[in-house]
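Chemist: So the protein sequences, as listed, match chains A and B.
Position one of the first sequence corresponds to residue 1 (my numbering), numbered consecutively onward.
Position one of the second sequence corresponds to residue 1 (my numbering), numbered consecutively onward.
Please note that the accuracy of each hint is not assured.
Heads up, the list lumps identical chains together, so a pair's fine if it works in one copy or across two of them.
Once the Cα atoms are required to be at most 30 Å apart in a straight line, the calculated BS3-like pairs of lysine-lysine come out as [claimed, not checked]:
1. 21 with 10
2. 88 with 183
3. 21 with 65
4. 141 with 68
5. 152 with 68
Since the hints were made in silico from the structure, they are not lab data.
2 protein chains.
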Amino acid sequence: MIHELLHNKKVILASASPRRKELFALLGINAYIIPAEIAEPINGEEPQVQAMQNALRKAEIVKNKVDKDAVVIAADTLVAIDNHILGKPLNQKEASRYLRLLSGNTHSVYTGICIFYNEIANINYEQTLVHFAELTELEIKSYIETGEPMDKAGAYGIQGYGAQFITAVDGCYYNVMGFPVRKFYEMLNAILEKEEK
Amino acid sequence: MIHELLHNKKVILASASPRRKELFALLGINAYIIPAEIAEPINGEEPQVQAMQNALRKAEIVKNKVDKDAVVIAADTLVAIDNHILGKPLNQKEASRYLRLLSGNTHSVYTGICIFYNEIANINYEQTLVHFAELTELEIKSYIETGEPMDKAGAYGIQGYGAQFITAVDGCYYNVMGFPVRKFYEMLNAILEKEEK
Numbered sequence: 001m002i003h004e005l006l007h008n009k010k011v012i013l014a015s016a017s018p019r020r021k022e023l024f025a026l027l028g029i030n031a032y033i034i035p036a037e038i039a040e041p042i043n044g045e046e047p048q049v050q051a052m053q054n055a056l057r058k059a060e061i062v063k064n065k066v067d068k069d070a071v072v073i074a075a076d077t078l079v080a081i082d083n084h085i086l087g088k089p090l091n092q093k094e095a096s097r098y099l100r101l102l103s104g105n106t107h108s109v110y111t112g113i114c115i116f117y118n119e120i121a122n123i124n125y126e127q128t129l130v131h132f133a134e135l136t137e138l139e140i141k142s143y144i145e146t147g148e149p150m151d152k153a154g155a156y157g158i159q160g161y162g163a164q165f166i167t168a169v170d171g172c173y174y175n176v177m178g179f180p181v182r183k184f185y186e187m188l189n190a191i192l193e194k195e196e197k
Numbered sequence: 001m002i003h004e005l006l007h008n009k010k011v012i013l014a015s016a017s018p019r020r021k022e023l024f025a026l027l028g029i030n031a032y033i034i035p036a037e038i039a040e041p042i043n044g045e046e047p048q049v050q051a052m053q054n055a056l057r058k059a060e061i062v063k064n065k066v067d068k069d070a071v072v073i074a075a076d077t078l079v080a081i082d083n084h085i086l087g088k089p090l091n092q093k094e095a096s097r098y099l100r101l102l103s104g105n106t107h108s109v110y111t112g113i114c115i116f117y118n119e120i121a122n123i124n125y126e127q128t129l130v131h132f133a134e135l136t137e138l139e140i141k142s143y144i145e146t147g148e149p150m151d152k153a154g155a156y157g158i159q160g161y162g163a164q165f166i167t168a169v170d171g172c173y174y175n176v177m178g179f180p181v182r183k184f185y186e187m188l189n190a191i192l193e194k195e196e197k
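Bound conformation, chain A alone (with noise of 0.2 Å):
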């Protein structure tokens, strides 16, 4: 279990998402938070693409920062809807233009996940379609008022007032909440196997 796996390492996670804290503390992983900064612009690649070499470049960051046997965690979550991906709005009106492109739609969200460790980065990622349920004008209205569009990639947050709006998700939850839980287990799993042989 990754506990073990990680039990006698110096474990440091690279993000400054309170989801990520948390769900490292459900795991009874001790980890040391060191945020990194980095400016995402949208390129012309895939979103999963993206979504990995985000998760590169935070690990970049903090790796030099740490001992060299030290666990670096680094992640990247995206929103993407038919391969355009949705950041956080810049205004109420941008939000209700993304809520209306979810509406009725299924959509995915991607999670790039960096492993640093050994001096090897370990890249994967994570995909789970989410489906919404058809919202009229009104409910757009009423949540953007509530403000939690404004600081969510892709105008919601399924933690709070926009789980009402998803009807199922298909694949990892953990990953629309910011770190597939499962995939880094498997990922952590064979890098571990690699250093015993």
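With chain A held as given, fit chain B onto it using these hints.
Modeler: Chain B alone, transformed into the frame defined by chain A:
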């Protein structure tokens, strides 16, 4: 949205579950908590029927303690595999047996919901599929050592160490947490629409 529909209502959550309480807070619902303790004997009915029966029994207990115009909300969540309900394990041996049943398999989580309002019990349920990774005997042993399985239906907690064993869910995630938010919103909309006519 839910918090608007319930804004001027007296809302009673007939549950002691801290996760349901937490979800209500996330959704901006101000509710009084009045736990309803019921025995939950497993009978021959299908799991979704038992979950709805139990939700109804909880609502029935609480509705007599509160004002007539209150909205009483009760829920009951069951874990089932091949139509067999898995309750809380009696001991570590039973926990191992449950975890071996879940390993590499897909099981269902059912939540029955009862909304008692205007002297009418409105009842429905939600089903979510949960896909479990294959567990090694060592993982089962380690997981039981964390203590987490012992007070959980089905011998696992999706919000804890158990998260690393879940490869995917298929359906409403909040249902697995004990309260299907979207279904609840739909029920509430239907009930209060009826009221307006």
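Chemist: With identical chains treated as interchangeable, where does the CA-CA distance between residue 141 and residue 68 reach 30 Å or less: within a copy, between copies, both, or neither?
Modeler: neither (50 Å within a copy, 32 Å between copies)
Chemist: Treating 30 Å as the Cα threshold, decide for residue 152 and residue 68: within, between, both or neither.
Modeler: Neither: 34 Å inside a copy, 40 Å across copies.
Chemist: One pair to classify: residue 21 and residue 10, alpha carbons no more than 30 Å apart. Within, between, both, or neither?
Modeler: within (16 Å within a copy, 35 Å between copies)
Chemist: Check residue 21 against residue 65 for me: Cα-Cα at most 30 Å, and say if that holds within a copy, between copies, both or neither.
Modeler: So residue 21 and residue 65 pass the 30 Å test inside one copy only (19 Å; across, 41 Å).
Chemist: Between the shortest in-copy and the shortest cross-copy C-alpha distance, which are at most 30 Å for residue 88 and residue 183: within, between, both, or neither?
Modeler: Classified as both: same-chain Cα gap 25 Å, cross-chain 28 Å, threshold 30 Å.
The earlier numbered hints that this structure contradicts are 4, 5.
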